[in-house]
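Visitor: Please put together the full structure from these sequences, using the hints given.
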Amino acid sequence: MPSVRIDTTQWQKLTQSPGKQVSVITPLGMTMLEIQGELELPKDFASLAKDDSSHDGRFSVQGGQTIVRFGSLQIDGERATLFVGKKQRLLGKVTKLDVPMGVMHFNSRDNKVELVDIMKYKIIFKDRPLPIM
Amino acid sequence: MSINLHSTPDYDPSYKLIQLTPELLDIIQDPAQNNQLRFKSLDKDKSEVVLCSHDKTWVLKQRKHSNTVLLMKEFVPEQPITFDETQLFGLSKPYMDVLGFAKTESEFETRETEGHLNLDSLPIYNGELDFRERTTKKSSAKVIATVEELLENSPCSALEGISKWHKIGGSVKDGLLCILSQDFLSKALHVVLMSVMAESLDMQHLQVDDTYHAVGKDIEDEFNPYTREIIGTVLNRFAFQEQEPENSAWRLRIPFIAQWYGIQALRKCVSGTSMPINEFLIKWKSLFPPFFPCDIDIDMLRGYHFKPTNKTIQYIAKSTLPMDPKERFKVLFKLQSQWDLEDIKPLIEELNTRGVKIDSFIMKYARRRRLGKKTVVTSR
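For the protein sequence lines, the chains are S and F, in the order given.
Residue numbers in the first sequence follow the UniProt record's numbering, run continuously in steps of one, and reach 133 at the last position.
Residue numbers in the second sequence follow the UniProt record's numbering, run continuously in steps of one, and reach 380 at the last position.
Treat the hints loosely; a few may be bogus.
[As the list claims (entries may be wrong)] Taking lysine-lysine pairs in the DSSO-like style, the calculated list, with each CA pair at most 30 Å apart, reads:
1. Lys-16/F to Lys-13/S
2. Lys-285/F to Lys-268/F
3. Lys-126/S to Lys-268/F
Hints listed in this document are in silico derivations from the structure and should not be mistaken for laboratory results.
Predicted model, so just to flag it, every value in this text is computed and none were measured.
Guide: What follows is the structure, given as structure tokens:
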């Protein structure tokens, strides 16, 4: 029978002084962003990055991988504003989860499961996007 | 202050979100307990996945959603990220960069459940001489040798599993894990009680070794199926284990043993036929080892009998009754037109799956009225 132990040691070590998490970003630097709808990203990062001649700083390389900067987020107390690309703006809020969520990493290669972090808050955007004026 | 949001081209599908109830959170935060948390499933594809701690089991239910839920982590850019400040739309300069690395399309709800032992491949031991040969020859399934192996293969926490193992009469015979048949368990209990009484052992303070030796004295020179493990199984089933500083002792559960004999008497004497209650009580008492100190009362057998008339009794097997509440009440009233509330309760309790008050549950399918101090239940 498949049975696998959940490894919590790393999480324990890093959060040993259980200072209560009061910010939306966990002590381990993780956060959860929820948008009611799809977030459309460009498809072929690598070739787009080559053509990024306008130098708008959308693409960068991190750990050998091309990543895209898709927006900016501002958090002001419970209120959150998300700017997506150059045209859309979303208004949302920081909410405490009813039940905290464990982020588990299932490593199928060596059949291990690790508890990576525990999320107690999320930033949620429920409304339709507004244009950026 | 604003935050720069980035995303990877492909999201990592190996991250899952799992609800952590307050109880699970406590376990995770307790270093003494959290290393026992594990996921288990009966097979890789079809069966449910459960999460087990040392003493509890939770079933995982996948709840899908259509929202975009991004898991993001803070990172320090390898090269400074520069862009036109007009793109900040009046926001202050970014002080942090976060990268979306996983997108989850569902989350797993954890609901506490009862763990189950996987008994599929376990043989039944009925006291045979050549048990091992017969079992290994007959069965193509994998032989299980230890309780640890069984627990590893069961969607169930360790403590729940052991308690269930004791309850079903699980044992080890000739190096094979097995379940004792009802008949053999009854015989073994009888032999244990006789030997304990013959050797004047303290029924409130029994040791496996003493009991095993006491049983062995009576069966010298013969094939003795009552091994130390079988005696342990009998004590685990019919006695409470009391933890003492130096060693553990077992205290016999006398009322439970009396009920066990009563059920055997019902099966033997009044299965398919009824008998006057007084006569049945004599038959019941006659099954015990001579001078066994216990009181018997017909009320101890609630849930296993009905009374065709006021003064007669007959065996009823709950497993043969319909699982539909309406049908079950119909059958029960056919057998006995008027029931004491306490007599009918154990026969219908398992159908009250929504956990409503038992009185309210009965009122849905039958009529309830007070008769002096008693409450009786009749059909509508």
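Visitor: It remains to establish, for every hint, whether it holds in the given structure.
Guide: Here's how the hints hold up against the structure:
1. Lys-16/F to Lys-13/S: Given pair Lys-16/F, Lys-13/S holds - Cα atoms ~21 Å apart, limit 30 Å.
2. Lys-285/F to Lys-268/F: This hinted pair holds, its Cα atoms lying about 13 Å apart.
3. Lys-126/S to Lys-268/F: Outside the cut-off at roughly 68 Å; violated.
In summary, the structure is inconsistent with hint 3 from the numbered list given earlier, while agreeing with all the others.
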